[in-house]
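*Asks:* For reference, the chains in residue letters:
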Amino acid sequence: MSADRLCSASKEVKPESVSLCPLGAAAAPEQELLCIFGTGDFGRSLGQRLLQSGYRVVYGSRRPHSCGPLPQGAQVMSHTAAAAQSASLVFVCIHREHYDFLETLAPELKGKVLVDVSNNLKKNLYPEANAEYLQRLIPGAHVVKAFNTLSAWALQNGPSDASRQVYLCGNSAEAKEAVSEVATKLGLTVLDRGSLTAARELEDFPLQLFPEWRLPLRLAASLAAAFFFYLLIRDVVYAYAEEGKDISFRIMVSLANKVFPIVSLIMLALCYLPGVIAAFLQLYRGTKYKRFPDWLDRWMLCRKQLGLLALAFASLHVLYTLIIPIRYYVRFKIAESTISKIKENKTSVFDTTLAWRADSYYSMGILGYALYVLLGITSLPSVSNALSWREFSFIQSKLGYLTLFFCTLHTYLYGGSRFLSPSTYKWYTPPGYILSLVVPSVVLVLKLLIILPCVDRTLTRIRRGWERTDPEDDTKKSLLT
Amino acid sequence: MSADRLCSASKEVKPESVSLCPLGAAAAPEQELLCIFGTGDFGRSLGQRLLQSGYRVVYGSRRPHSCGPLPQGAQVMSHTAAAAQSASLVFVCIHREHYDFLETLAPELKGKVLVDVSNNLKKNLYPEANAEYLQRLIPGAHVVKAFNTLSAWALQNGPSDASRQVYLCGNSAEAKEAVSEVATKLGLTVLDRGSLTAARELEDFPLQLFPEWRLPLRLAASLAAAFFFYLLIRDVVYAYAEEGKDISFRIMVSLANKVFPIVSLIMLALCYLPGVIAAFLQLYRGTKYKRFPDWLDRWMLCRKQLGLLALAFASLHVLYTLIIPIRYYVRFKIAESTISKIKENKTSVFDTTLAWRADSYYSMGILGYALYVLLGITSLPSVSNALSWREFSFIQSKLGYLTLFFCTLHTYLYGGSRFLSPSTYKWYTPPGYILSLVVPSVVLVLKLLIILPCVDRTLTRIRRGWERTDPEDDTKKSLLT
Amino acid sequence: MSADRLCSASKEVKPESVSLCPLGAAAAPEQELLCIFGTGDFGRSLGQRLLQSGYRVVYGSRRPHSCGPLPQGAQVMSHTAAAAQSASLVFVCIHREHYDFLETLAPELKGKVLVDVSNNLKKNLYPEANAEYLQRLIPGAHVVKAFNTLSAWALQNGPSDASRQVYLCGNSAEAKEAVSEVATKLGLTVLDRGSLTAARELEDFPLQLFPEWRLPLRLAASLAAAFFFYLLIRDVVYAYAEEGKDISFRIMVSLANKVFPIVSLIMLALCYLPGVIAAFLQLYRGTKYKRFPDWLDRWMLCRKQLGLLALAFASLHVLYTLIIPIRYYVRFKIAESTISKIKENKTSVFDTTLAWRADSYYSMGILGYALYVLLGITSLPSVSNALSWREFSFIQSKLGYLTLFFCTLHTYLYGGSRFLSPSTYKWYTPPGYILSLVVPSVVLVLKLLIILPCVDRTLTRIRRGWERTDPEDDTKKSLLT
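Chains as they are written, first to last, in the UniProt record's numbering: chain S, 1 to 481; chain P, 1 to 481; chain V, 1 to 481.
If you are wondering where the hints come from, they were derived from the structure by calculation, not from laboratory data. One thing to keep in mind: the hints can contain errors.
Same chains, same label: a pair holds when it works inside one copy or across any pair of copies.
Unchecked claim - Only pairs whose alpha carbons sit at most 35 Å apart, straight line, appear in this in silico DSBU-like list of lysine-lysine:
#: 1; residue 1: Lys-333; residue 2: Lys-290
#: 2; residue 1: Lys-346; residue 2: Lys-245
#: 3; residue 1: Lys-122; residue 2: Lys-290
#: 4; residue 1: Lys-123; residue 2: Lys-343
#: 5; residue 1: Lys-343; residue 2: Lys-122
#: 6; residue 1: Lys-341; residue 2: Lys-447
#: 7; residue 1: Lys-245; residue 2: Lys-122
#: 8; residue 1: Lys-447; residue 2: Lys-123
#: 9; residue 1: Lys-122; residue 2: Lys-110
#: 10; residue 1: Lys-185; residue 2: Lys-290
#: 11; residue 1: Lys-333; residue 2: Lys-123
#: 12; residue 1: Lys-185; residue 2: Lys-333
#: 13; residue 1: Lys-333; residue 2: Lys-398
#: 14; residue 1: Lys-398; residue 2: Lys-122
#: 15; residue 1: Lys-398; residue 2: Lys-123
#: 16; residue 1: Lys-122; residue 2: Lys-447
#: 17; residue 1: Lys-343; residue 2: Lys-245
#: 18; residue 1: Lys-447; residue 2: Lys-426
#: 19; residue 1: Lys-123; residue 2: Lys-185
#: 20; residue 1: Lys-110; residue 2: Lys-346
#: 21; residue 1: Lys-398; residue 2: Lys-290
Note that this is a predicted model, so its numbers are computed, not measured.
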């Protein structure tokens, strides 16, 4: 187990949890005795929880007093061999580096169930999984890998939802059954992952660092970098080269506030593009019984992450927009324009059309962002769990497309009539917001095609099992699918 | 089961989940054999989960290879009659449209437990529930409706909290007991809903579309529409009729930003009004042992939704307010006023009282909104679950009234001394914010009455079981209530 | 049980929940009969749930029809003695004040298991716990305290995650085992807290009011008050005393917007200071096997609350900052400065350095706040439960320090070159933001020291069990820890 995990656990343990143990008197003689090797945080928390669930617990440790108080009601034996012999199930809660000392206990551990709860600090630190190494050291024991995804803290404070699952693997079905029973009695749900060769996979679980976020994060970073340099050249470099002006200070706010909404809009559209592609693929194939290509499957699996990253960029865009009027540059420009108007004695006339366009632009942006936040809230695990399947699909699909529509309209209104003006195309390049409109517009048009009654009807039939290819055998084929 | 549900499930399944199955070797001979008809997403996920929990699984399917890989370790029989005969419990994971083919298997299915997991695409598609139809087709079998509220995705990735509950119903107590046992072994919690006549209700569960949000949403929409037209006439039409000015562009931001806070404040007050009415009803009746009128009960049940909608409107109000200084109209007006001041050589004096009032107005608004968001956060399922009863009641009641107080004060400060000015009352109508103050003011005054020590004491006694009507028999009566 | 709890429960019960009961016909004769005393909300909800889980239920009540409908399928006996005799397990769902009437049933209750589910309205209302009082009244019964942390509402709607745990205590191991069995069958997880002397502790659970928030809240309030008065003197009193100007209106927004970010930054730094201190303590001691001093332990335990309060203050700072341009005072000042520029015919030159500094300042603030919100979201129970240990530690530690760095940099940029100007130090006191920079700067410098490769290596070794003190006995000592 990782030292940091131990350490952080010990810091978060509530002080009163020490009194969680039952009276020794309550331990009837028929209760099963379990042995725990190691008195680190995990060993102590596990012992406490086992005692609370009615087991008797004996610790095997050479230094029982060196680290924190052990739970009341547990025995401690400094003679580890005796401790091992007293129970048929032994939890090994020590670091892999000290496993070699267990070799000396091989005779006493013969035929016992050894539960390996250890984790490593890094992936691929060792050539074989900890549990496999333990099995090699003590071939006579039945090693079961389990509990390594639980933290000491979760064990002590009662497991919450996500940490309620215990993965286990091992070569002996009986040993796994024995460990399952203990886990079930602790209020945990057991998932069997097969033989001990799966131990490596299980040991990698707690070391995972957002695997499903990697692709979307990389995409977001690439898009942001690409548009940053594109706009840097179009805005800052252009102004310096053509007009000799240094507007490099704009990088910090103005440029950032162009990159963020562009990336956000494109990524939001990329959330909905795979669904549209999948629908057209099903229409083209005339069946839902063919698997999608791998790239489409992978794309669909990261839609939630794409959407949340898009929301993050949209939120940055909102904050960067709201600070516009307190910026030094903006205040300077406004004062300058007022002063020049007075000096030149110009009178500007209020343009109602411009007011309509500007206010609509802001309104669409706010409504789009509000729906966006709603989508984000419903993707919180506790909220989405409370929704029925139809409610979740309504929000993520119907409201999702409405969000995309509002945000796209917001961007079109931003452009206004500037699309046609040649001065927009500095150095013959289109401004960033025009580029950002391509994907969302395509997605919206394709979606519009799909919800046409005739297309929608065919698609619904396909999704309910109907197939186009073989009309006469149709009903029979779709039986029992 | 709905095709869309199947489809969305298959898209979200993690690629590695295919390796979730235990070794075939681990399946000891004494493990129970279950049969699954249908190899769609739900059937496949169910089979995988059953295998993981130690059951043996046989699929009955005429097209086992047409859709996705089946879990390793499961048998597949294309001869469905043989599959049905091999197990005493059969999961029917096929669409209702194909149930008629099961009729041919009636002899083999006699005496078996048939678990109907199906859902429909819409409510009231068929005259009878799917499970009742199945029972009618195969009268010799014991049909149990169950698992239909679970998704294939939840089954595969381990059920989370909300999806941990399995509702079941059926006419045979033994059959229900058998299904309960399987569900419990899968880590699910069973809730028995009675006989098979409840099947329709169970089949409607996944088709629910925010039933508890309907009334609050309708109320919010009506209030918003009413105030929109009221303000449209008072502001835009008035300006056009009396002054000949076209200020229709104000609809997009200015008018919206009047409607949103008005609706928000009224709906927040409507959250707290039923509680106050209930308290006065209890005081008037002198007992808590009479049920509240139905309308009051229904009102109380949607307080959370009322509050969340009010928060949504308040958030829109905040966003619409914060973009004020970047609006074209506002910038134009400010520049114009500065220019006219210079031209007319007027000097305006700084008004400290006005500064106090304006800053207090903003401050109250921000503090009220901050508390509002806090209330919203604590109503997230995972947060409110972690609160003790007293903590939840403290936040929702004490902090709730404080929020209402801040927001009401914010609105009074907005009005300031304009309440008394006749020019406020265009066409003899009061401005919207005055109308929005009625309900909150009433609620706050009534609440103030209730927390007076003498009233509070009586109310507390009533809520603890004391009754006013029959003083001498008092203690006896409240025994065992 | 508290009257309010009952009351609020009855208000929130869904109307359709009454139909949750199974058919009477489904109740096979071998099902266990349980008795419930009291027909209040909790008693009714408990009965319903027990019936759903397959128990038979008999109510003992003298007034069965006075309060709400009882669940269908339950018997009701107005003769409480007969009801008590019929079952071996009796749930006492009545108020403590009416316990004395139970004394008359002492002969019938002898040898029975009595489950005390009651709560009090306040802490320390009575000299002894309700359950101990009940045991004293009926010494022949086996009293078990249980279920008091569940609400009637949770029982009826199926327990969610946090409310799934049942704490129980009692003097008889057999009685506790019997209650455990019932709880497990209801889908709850049991935690045994020992003998009946723990009843008081259990009865205090639902009365807890944010115990872990008290210290952080007190700290935040003290810091806010201290800086408020400090800045009041430095800004408002100074302006009045030295310049004779009344700028008291600034208290509402300007002053508040100085206090909030200062408190937020200091509290964010105080989140990370204990971790740094702990690391240096471990480095100094050369071992992780010595407990931290109590004050450090307590500090570490409230880091999450410190951080969330800091986030709340930061959010207020954001809102107060964003309304700056719509304030009357600000608009007046800007107009005044424009007018004076024209009158005095001054031309101000655009300062690119100032623009860089101002925009960087805003940018850092926004990025810091965005990360801050991300930290807040991941501390939501349902989100943090879904993270692996490594992911949680990555966010809370790596991203946490990045947040602190951004926010500190934001504050340094705010100061800019003003640090050196003597006019900053009115009455020889430093401005608030300079004071707020002390703790974060110290934390960042110490953290920088810790992540130096040489220090980091030693620390990692210590945290994995290595000890400096006794090098030759090193490996042996760290065995089995």
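*Asks:* None of the hints should be skipped; say for each whether it holds.
*Replies:* Verification of the hints:
1. Lys-333 x Lys-290: The answer is neither: 60 Å in one copy and 62 Å across copies each exceed 35 Å.
2. Lys-346 x Lys-245: Answer is both: 26 Å inside a copy and 23 Å across each meet the 35 Å cutoff.
3. Lys-122 x Lys-290: between (39 Å within a copy, 26 Å between copies)
4. Lys-123 x Lys-343: neither (70 Å within a copy, 71 Å between copies)
5. Lys-343 x Lys-122: Cα proximity of Lys-343 and Lys-122: none, with 69 Å in one copy and 70 Å across.
6. Lys-341 x Lys-447: neither (49 Å within a copy, 54 Å between copies)
7. Lys-245 x Lys-122: Neither: 51 Å inside a chain and 64 Å across chains, both beyond 35 Å.
8. Lys-447 x Lys-123: This pair counts as between: shortest inter-copy Cα distance 25 Å, intra-copy 43 Å.
9. Lys-122 x Lys-110: Within one copy only: 31 Å inside a chain, 56 Å across chains, cut-off 35 Å.
10. Lys-185 x Lys-290: between (43 Å within a copy, 33 Å between copies)
11. Lys-333 x Lys-123: The answer is neither: 55 Å in one copy and 60 Å across copies each exceed 35 Å.
12. Lys-185 x Lys-333: neither (70 Å within a copy, 70 Å between copies)
13. Lys-333 x Lys-398: neither (42 Å within a copy, 40 Å between copies)
14. Lys-398 x Lys-122: Answer is between: at 17 Å across copies they meet the 35 Å cutoff, but 43 Å inside does not.
15. Lys-398 x Lys-123: between (41 Å within a copy, 19 Å between copies)
16. Lys-122 x Lys-447: between (45 Å within a copy, 22 Å between copies)
17. Lys-343 x Lys-245: Result: close both inside a copy and across copies, 24 Å intra and 29 Å inter.
18. Lys-447 x Lys-426: This pair counts as within: shortest intra-copy Cα distance 33 Å, inter-copy 47 Å.
19. Lys-123 x Lys-185: both (31 Å within a copy, 33 Å between copies)
20. Lys-110 x Lys-346: neither (98 Å within a copy, 94 Å between copies)
21. Lys-398 x Lys-290: within (26 Å within a copy, 44 Å between copies)
Hint violations for this structure: numbers 1, 4, 5, 6, 7, 11, 12, 13 and 20, all remaining hints satisfied.
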